[in-house]
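Novice: Below, each chain spelled out in residue letters.
Number of protein chains: 2
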Amino acid sequence: MSEAIPEKYVDLLEKPAFGSLGTLMKDGSPQVTPVWLDYDGHYIRFNSALGRVKDKNVRRDPRVSITVLDPANPYRYLEIRGRVVEITQNGADDHINKLSQKYLGKPVYPFRQPGEVRVTYKIEPEKVSSMG
Amino acid sequence: MSEAIPEKYVDLLEKPAFGSLGTLMKDGSPQVTPVWLDYDGHYIRFNSALGRVKDKNVRRDPRVSITVLDPANPYRYLEIRGRVVEITQNGADDHINKLSQKYLGKPVYPFRQPGEVRVTYKIEPEKVSSMG
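Protein sequences appear in the order of chains A and V.
Take the first sequence: its letters are residues 205 to 336, numbered as in the working numbering.
Take the second sequence: its letters are residues 205 to 336, numbered as in the working numbering.
Simulated from the structure, these hints should not be mistaken for laboratory data.
Warning: the hint list may mix true and false statements.
Heads up, the list lumps identical chains together, so a pair's fine if it works in one copy or across two of them.
Simulated pairs of lysine-lysine, DSS-like, Cα-Cα distance not exceeding 25 Å [stated by the list, open to error]:
{"id": "1", "residue 1": "Lys-230", "residue 2": "Lys-326"}
{"id": "2", "residue 1": "Lys-310", "residue 2": "Lys-219"}
{"id": "3", "residue 1": "Lys-310", "residue 2": "Lys-331"}
{"id": "4", "residue 1": "Lys-230", "residue 2": "Lys-331"}
{"id": "5", "residue 1": "Lys-326", "residue 2": "Lys-260"}
{"id": "6", "residue 1": "Lys-331", "residue 2": "Lys-260"}
{"id": "7", "residue 1": "Lys-302", "residue 2": "Lys-212"}
Please construct the entire structure, taking both the sequences and the accompanying hints into account.
Specialist: Here it is, written out as C-alpha cells:
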C-alpha cells in the first residue's frame, strides 16, 4: 500500500538534507547510514555502489526506513517506511551526478572510485510519519 | 563483544549532534528516528518515554544501530551497532534534563507531556564504523 508524502513536507526532499537510511543486515539487525536522496513525485530514490553493505542488504530484504531532518529545524522531520521496489544501474551515473549537484553544487560526482558501479534504488513509501 | 568508540570520534557524541536510531518493528522491518544521546565512556545512552514505538521496539528486540553525523561536516560520521543492555526509569528524569541542557541549553526539558514516564536506554557498542 503506497502512501503519499504530505505536500507540506516535500521541501525536505528537495533541499540538500541528508537521509538516514535504515536497512536490515543478514541477521535481521538494523543498519543506519547517511544517504543523498531525491524524490520523483512518487518514489524516494537513493544511490549507492554495487557490493556495498546497503546494496547487499536491500537486495536480501527490501524493507527500509528513511528519516530526513530539516537542517533549518531538526525538530521538523519526516520518516518514510517502505520497500525498495526497483534497483537499477540504468541512469545511475546521471542520477549520482544530479545528487552531486544537489548536495555539493558540483555537476559531476567527485568521489567516484575506480571500478565503482553506481546503482539507483527506488523506495515505495508505505507509511509516512512527520513531526514539527 | 563490546567495541570501544575511537578516541577521535568521541567529540561527535559530546557535541549536540542528533543520532539517527534504527530499531526493529514487530514484523522485523527497520524504523529510524532522531534522538538526543550522550556517552558515559562505555554506553551510548538515549532517552524516550514509556509506550513509544521505539520503547516497545527495543524491549522486543534490543538490536539497534545509531548514526551520528558531524554538524560541521556531514561527511564525517560514526555508526554504532549494538544492543540495548539496560532500560531504566531510575535517573531518567535527570537524564532528559541533562540532554535538554546539551541540545537546547535549557536545564529543564521543556517538551514534557502530562503523565509521560521517561526512560533511559543504554546501548552496548558491538560494531563501530566511521567515515571522514
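Novice: Next step is simple, just say for each hint if it's right about the structure.
Specialist: Quick rundown of the hints versus the structure:
1. Lys-230 - Lys-326: The answer is both: 21 Å in one copy and 24 Å across copies each meet 25 Å.
2. Lys-310 - Lys-219: within (15 Å within a copy, 29 Å between copies)
3. Lys-310 - Lys-331: neither (33 Å within a copy, 33 Å between copies)
4. Lys-230 - Lys-331: both (23 Å within a copy, 15 Å between copies)
5. Lys-326 - Lys-260: within (15 Å within a copy, 29 Å between copies)
6. Lys-331 - Lys-260: Classified as both; 23 Å inside a copy, 18 Å across copies.
7. Lys-302 - Lys-212: Within. Shortest intra-copy distance 23 Å satisfies the 25 Å Cα cut-off; inter-copy 33 Å does not.
In the structure shown, a violation is registered for the earlier hint numbered 3 alone.
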